[in-house]
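Student: The residues making up each chain are set out below.
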Amino acid sequence: GESVGLHLPTLSVQEGDNSIINCAYSNSASDYFIWYKQESGKGPQFIIDIRSNMDKRQGQRVTVLLNKTVKHLSLQIAATQPGDSAVYFCAEGISGGGADGLTFGKGTHLIIQP
Amino acid sequence: DGGITQSPKYLFRKEGQNVTLSCEQNLNHDAMYWYRQDPGQGLRLIYYSQIVNDFQKGDIAEGYSVSREKKESFPLTVTSAQKNPTAFYLCASSIDPGEGETQYFGPGTRLLVL
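Note that the protein sequences, when read in sequence, are chains A and B.
Count the first sequence with the numbering used here and you get residues -7 to 106, in order.
Count the second sequence with the numbering used here and you get residues 156 to 269, in order.
A couple of the hints might just be wrong.
[As the list claims (entries may be wrong)] Not the full set, but computed from the structure, chain A residues with beta-carbon under 7 Å of chain B:
hint : residue
1    : L0
2    : I26
3    : K34
4    : G35
5    : P36
6    : F38
7    : L94
8    : F96
9    : G97
10   : K98
[Claimed, not checked] Far from chain A, some chain B residues (derived; all Cβ distances over 12 Å):
hint : residue
11   : R168
12   : Q172
13   : N173
14   : G218
15   : K226
[Claimed, not checked] Derived DEER-like restraints, expressed as beta-carbon distance ranges:
hint : chain 1 : residue 1 : chain 2 : residue 2 : range
16   : B       : G158      : A       : A70       : 21 to 29 Å
17   : A       : T61       : B       : S162      : 44 to 52 Å
18   : A       : S87       : B       : L267      : 33 to 41 Å
19   : A       : G51       : B       : D193      : 23 to 31 Å
20   : B       : G195      : A       : Q6        : 24 to 32 Å
Bear in mind the hints are in silico, worked out from the structure with no lab data behind them.
We treat Cβ as the ideally placed atom computed from N, Cα and C, and that holds for glycine.
Work out the full structure, taking the sequences as your base and the hints as a guide.
Tutor: Now the structure itself:
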C-alpha cells in the first residue's frame, strides 16, 4: 500500500479481479480525501472523493473506504480491466484550510496481468 | 468542452535560458496551482493563486515565477536560477481555494534540459 512517504509500491492483479489500493494519511485534521489516477505521461484524473463525515462512498466500479480511527484510506476497483493500469494516489485536505490545502501521496502503480 | 490545457507538451531549455509554460482553464475556477512531479515522488507545490493578481509561494518556489493577470491563465516561468528544472510540470485548478475542493489537472508539460 501507499503512504504519504517515500516509495512507489506496485500492485499486480489479474484482469477481472478486484484491486485494493491503500493510503495512510498523516494529518488527523484532514477531512477531505481524493483519489486520482495517473496514466503514464498524462495529468492526474479525478476518480472519487470522500469527506470525513462518511466512511464509504461508491462510484462506478470504484469504492473508497475511510477509517479515521487509524487514518487509513482505501480505493477498491471492481473487475479490473487493462485500462485501469496506472499510478493511483491519494490526496488529503482540510476544509477551509487555504488554497495550498491538498497534500498528495506518491502513489501505487497498479499493473493488470492478462 | 471545458477543461485545463497546458502547452507545450514537451519543452527544451538551454543552459541559462528562461522558459514559460502555459496553463489555461475555462472552468471559471478561482484557484490555480503549479506542481512539479519527479519520478517516484509526490506532487510538490511551486506556486498557487487564489484570485486574479494574487499568488503565493508553495514549497519549492525558488527558481520559478508566475503571474495571474487573467482568471483563465496562470503561466509559469522556469528561470535560469532553477538548477534542476527537468521534471513533469502539472497545472491544476479548483472552484474555491478555501474549502478543500478537488483540484483538476491539466495534461502536463515535460521540461527537458539540453
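Student: Determine for every hint whether it applies to the structure shown.
Tutor: Hint check:
{"no.": "1", "hint": "L0", "result": "5 Å, holds"}
{"no.": "2", "hint": "I26", "result": "6 Å, holds"}
{"no.": "3", "hint": "K34", "result": "6 Å, holds"}
{"no.": "4", "hint": "G35", "result": "4 Å, holds"}
{"no.": "5", "hint": "P36", "result": "5 Å, holds"}
{"no.": "6", "hint": "F38", "result": "6 Å, holds"}
{"no.": "7", "hint": "L94", "result": "6 Å, holds"}
{"no.": "8", "hint": "F96", "result": "4 Å, holds"}
{"no.": "9", "hint": "G97", "result": "6 Å, holds"}
{"no.": "10", "hint": "K98", "result": "4 Å, holds"}
{"no.": "11", "hint": "R168", "result": "19 Å, holds"}
{"no.": "12", "hint": "Q172", "result": "24 Å, holds"}
{"no.": "13", "hint": "N173", "result": "24 Å, holds"}
{"no.": "14", "hint": "G218", "result": "18 Å, holds"}
{"no.": "15", "hint": "K226", "result": "14 Å, holds"}
{"no.": "16", "hint": "B:G158 x A:A70: 21 to 29 Å", "result": "27 Å, holds"}
{"no.": "17", "hint": "A:T61 x B:S162: 44 to 52 Å", "result": "45 Å, holds"}
{"no.": "18", "hint": "A:S87 x B:L267: 33 to 41 Å", "result": "38 Å, holds"}
{"no.": "19", "hint": "A:G51 x B:D193: 23 to 31 Å", "result": "30 Å, holds"}
{"no.": "20", "hint": "B:G195 x A:Q6: 24 to 32 Å", "result": "25 Å, holds"}
Figure legend: structure checked against the earlier numbered hints; every hint is met.
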